[in-house]
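Engineer: Please work from the sequences and hints to get the whole structure.
Line by line, the protein sequences give chains A and B. Just so you know, we're using numbering that gives the first Met the number 0 here: the first sequence kicks off at 0 and counts up by one. Just so you know, we're using numbering that gives the first Met the number 0 here: the second sequence kicks off at 0 and counts up by one.
Read the hints as simulated data drawn from the structure, not as lab findings. Keep in mind that this is a model prediction, so the values were computed, not measured. Treat each hint with caution, since some may be false.
[To be verified] Partial selection, computed: residues in chain B whose CB lies under 7 Å from chain A: (1) R115; (2) I117; (3) E213; (4) Q217.
[To be verified] According to the in silico footprint, chain B covers these stretches of chain A (three or more CB under 8 Å from chain B): (5) 20 to 30; (6) 41 to 47; (7) 50 to 60.
Each residue gets a CB set at the ideal place from its N, CA and C atoms; glycine is no exception.
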Amino acid sequence: MGGTRVIEVHGEQVRLTLPTTPQLLRVARLTAAGLAGRLGFSFDEIEDVKIAVDELCFALVGARGRPGSLSLLYTLDLGRLVIEGTATYEGAPPEVAPTELSSQILAAVVDEHELSTDGGGLRFRLLKRRTEGG
Amino acid sequence: MALDRADKKALMIVFNDYATTRDSALRDQLIEAHIGLAEYLARRFANRGEPLDDLVQVASLGLVKAVERFDPARGLEFTTFATPTIVGELKRHFRDKGWAVRVPRRVQELHLRITRVIDDLSNELGRSPNVDEIALRAGTTEDEVIEAIDAGSAYRSTSLDAGRSDDDESPGLLGQLGDLDPELARSELRTTLGPLIAALPEREQVMLYLRFYEGLTQSEIAKRLGISQMHVSRLLARSLQQLRELGDPQ
Numbered sequence: 000m001g002g003t004r005v006i007e008v009h010g011e012q013v014r015l016t017l018p019t020t021p022q023l024l025r026v027a028r029l030t031a032a033g034l035a036g037r038l039g040f041s042f043d044e045i046e047d048v049k050i051a052v053d054e055l056c057f058a059l060v061g062a063r064g065r066p067g068s069l070s071l072l073y074t075l076d077l078g079r080l081v082i083e084g085t086a087t088y089e090g091a092p093p094e095v096a097p098t099e100l101s102s103q104i105l106a107a108v109v110d111e112h113e114l115s116t117d118g119g120g121l122r123f124r125l126l127k128r129r130t131e132g133g
Numbered sequence: 000m001a002l003d004r005a006d007k008k009a010l011m012i013v014f015n016d017y018a019t020t021r022d023s024a025l026r027d028q029l030i031e032a033h034i035g036l037a038e039y040l041a042r043r044f045a046n047r048g049e050p051l052d053d054l055v056q057v058a059s060l061g062l063v064k065a066v067e068r069f070d071p072a073r074g075l076e077f078t079t080f081a082t083p084t085i086v087g088e089l090k091r092h093f094r095d096k097g098w099a100v101r102v103p104r105r106v107q108e109l110h111l112r113i114t115r116v117i118d119d120l121s122n123e124l125g126r127s128p129n130v131d132e133i134a135l136r137a138g139t140t141e142d143e144v145i146e147a148i149d150a151g152s153a154y155r156s157t158s159l160d161a162g163r164s165d166d167d168e169s170p171g172l173l174g175q176l177g178d179l180d181p182e183l184a185r186s187e188l189r190t191t192l193g194p195l196i197a198a199l200p201e202r203e204q205v206m207l208y209l210r211f212y213e214g215l216t217q218s219e220i221a222k223r224l225g226i227s228q229m230h231v232s233r234l235l236a237r238s239l240q241q242l243r244e245l246g247d248p249q
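Structural biologist: This is the structure:
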């Protein structure tokens with residue numbers, strides 16, 4: 000195949016703020032897919048990133064949404080994408096208890112992931128590296 | 000598709016013969032005689048974003064099943080018996096393709112084209128292609144590729160039971176895994192993945208297991224199950240969504 004047109008990045012960041020409703024999570028996922036694509040990730044890797052974004056955003060937002068806001072920070076580095084999400088809530092934050100299944104899913108799709116409480120809210124971080132030699 | 004009385008009578012004789020002999024030449028003759036019915040029904044599902052050729056193929060498969068299952072002793076007309084079978088196949092095809100929600104034709108076509116391109120390129124390159132490569136081959140832009148590969152999860156209906164009734168009867172799926180004993184695999188799936196999993200169709204259980212426990216990539220799963228990578232992607236996204244919703248304590 001001809002040379003892959005991958006953008007040169009060194010820590011560039013993209014920020015996105017969404018209400019904490021599940022209906023808008025597609026925007027978070029699409030942004031992640033778009034950026035991963037620009038970094039030269041393969042179809043499989045992009046799918047992995049999407050699964051991870053869905054999984055972690057869901058932990059913050061829930062099936063029916065929670066009043067509050069979700070800030071996402073996408074950091075692009077050579078061959079790697081870091082996504083950090085922070086949710087703040089009106090009222091008490093939900094309990095965060097990642098299930099074994101959820102951890103298993105995340106471990107299978109991204110290189111690093113964490114989910115934690117952050118003051119009055121919740122936060123997550125994930126890192127996905129591009130496979131070299133693709 | 001107009002068979003006159005004499006034709007029907009002649010075919011009834013063939014059906015009777017086939018019922019006793021199961022001779023494949025007779026079966027082919029019966030299929031050929033009724034192919035017009037399959038085409039007619041396929042056309043009724045045209046203009047919904049699936050190529051007519053594909054629909055005719057799906058309908059023909061339904062026809063084959065109907066011919067095989069038809070019991071002339073029960074006194075039904077073959078067309079009366081076959082029509083629901085064929086329509087059922089067509090509906091299932093649409094359900095599997097996930098186009099329950101209306102999407103613009105252009106996006107559907109692009110999605111279908113890119114589905115093929117991803118599978119082709121994976122085979123040619125021996126690895127998962129990147130967006131640039133997919134766009135180049137599909138003759139479109141990278142943005143459109145991103146949009147189209149997200150289409151799978153975006154277009155599925157989010158209704159909780161969307162996936163529940165989808166349990167297709169293909170019995171061979173766990174069997175296709177070769178080295179796994181289906182019963183053993185099933186029980187292992189449930190103990191490993193938990194009780195929520197039981198709510199999912201078997202095929203989706205298998206995919207979850209292969210993806211997240213066996214560590215196979217989506218491309219590898221697609222190859223193993225003989226379906227497109229986009230289809231794997233869509234089913235996985237749907238199962239995960241369902242599991243999350245079922246498991247949500249809210």
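Engineer: Each hint needs a verdict: does it hold in this structure or not?
Structural biologist: Results of checking the hints against the structure:
no. : hint     : result
1   : R115     : violated, 13 Å
2   : I117     : holds, 5 Å
3   : E213     : violated, 9 Å
4   : Q217     : holds, 5 Å
5   : 20 to 30 : holds (count 3)
6   : 41 to 47 : holds (count 6)
7   : 50 to 60 : holds (count 4)
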